[in-house]
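S.K.: Residue-level listing of the chains:
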Amino acid sequence: MTEIAYQEHRQRARIQYCADCPAVVIAEPVPVLGPFIGLVGAVLCSLVGALLLLAPFAFDYRQGARTMPRSSIVDLATGGGVLLIGLLTTLLFGGSLRRRLRATIPAAAAPEPLPEAASEPASVPEQSQPQPEPQPQPVASVASSAVGDPGGALRDLLTPLVAALAADLRARDDSGVESEGRQS
Amino acid sequence: MSFDPHSPTEPIPVVTVAIRRPNPPIAALLGLGLLASAGAWLMAAPFVLGDHGPGGDQRRGAAWTDATRVDVSLGAAVLAISVAALLGYLAAAITWLARYRQAE
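Chains A and B, in that order, are what the protein sequence lines are.
All residue numbers for the first sequence refer to our numbering, where the first residue is -14 and numbers rise by one.
All residue numbers for the second sequence refer to our numbering, where the first residue is -10 and numbers rise by one.
Calculated from the structure, these hints are not laboratory results.
Keep in mind it's a predicted model, so treat the numbers as computed, not measured.
Careful: at least some of the hints might be erroneous.
Sample of chain B residues with no beta-carbon within 12 angstroms of chain A, all distances over it, derived [said to hold, decoys possible]:
#1 R49
#2 G50
#3 A52
Stretch by stretch, here's where chain B covers chain A in the computed footprint (C-beta under 8 angstroms, at least three residues) [to be verified]:
#4 21 to 30
#5 37 to 48
#6 69 to 76
Glycine included, every Cβ here is placed at the ideal spot set by N, Cα and C.
Based on the provided sequences and hints, a complete structural model is requested.
M.R.: This is the structure we're talking about:
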């Protein structure tokens, strides 16, 4: 899902619940159960393949004959194939599981570089001329927070928590004032 | 008015953010299919190839030898494990899609 689709989905979900109230934004769980089941199955098949490699010698299929019976050759060949394919499948499922566990939501991706930082070397020669000192911008804090959190996910996550904390403190203050009024 | 910390409050709406759907491990699933085929072959091999050679080979109509028992049991185990893993992966994927991708 691209960044635009992610933003559209988040906006659509917010409107569906509440147009202006803050909401707790959580990410969907990554589907890891399927690769885990495949990983376990591949490991078990590898163990069966190893047992097939050992079976002709453990059960003595030859029974004193001069030549090796065909069943031993079939067991060795099939056991080797099962062991090889099982180990390969284990590696593939393990890689898939590792990639899924390391996946993050798009909002947590690396922030884009600042356009001011990109144009900074070009502005160095112009510093020889005296320039007026720039006035402090009131929106600087908002801009700096947007740089570290381009999708606004952290802000969306913290806003309801702060609102709940403020409501809790306000309720405690109200109850404290009332109890003091009753005592006096 | 007194503050009751256990009083029911208005629930905070929870919005689930969609993640990028991971690509299915096609090669690993093909590996499971190959393992299922190997298990089926292992079950059939004593009866397909058994009428030749000395020693522990399976004769037609005779009692099962040790090699035949081992081949059939281990082939059934490989087949059952790989088919169960394939069905488990399919069930997990369908469950995840039904839970989080209803709108698509």
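S.K.: Take the hints in turn and mark each one as holding or not.
M.R.: Structure-based check of all given hints:
1. In this structure R49 of chain B is separated from chain A by more than 12 angstroms, as the shortest Cβ-Cβ distance comes to about 14 angstroms.
2. The Cβ of G50 of chain B lies farther than 12 angstroms from every Cβ of chain A, with a closest approach of about 17 angstroms, so its non-interface assignment holds.
3. With a cut of 12 angstroms on Cβ distances, A52 of chain B stays outside the contact zone with chain A, its closest approach being about 15 angstroms.
4. Here's how the stretch 21 to 30 of chain A fares: 7 of its residues keep a CB closer than 8 angstroms to some CB of chain B, so the rule of at least three is met and the hint holds.
5. Counting residues of the stretch 37 to 48 of chain A whose beta carbon lies closer than 8 angstroms to any beta carbon of chain B gives 7, which reaches the threshold of three, so the coverage claim holds.
6. Using a Cβ-Cβ cut-off of 8 angstroms, 4 residues of the stretch 69 to 76 of chain A lie near chain B, which meets the minimum of three, so the contact claim holds.
Consistency note: the structure conflicts with none of the earlier hints.
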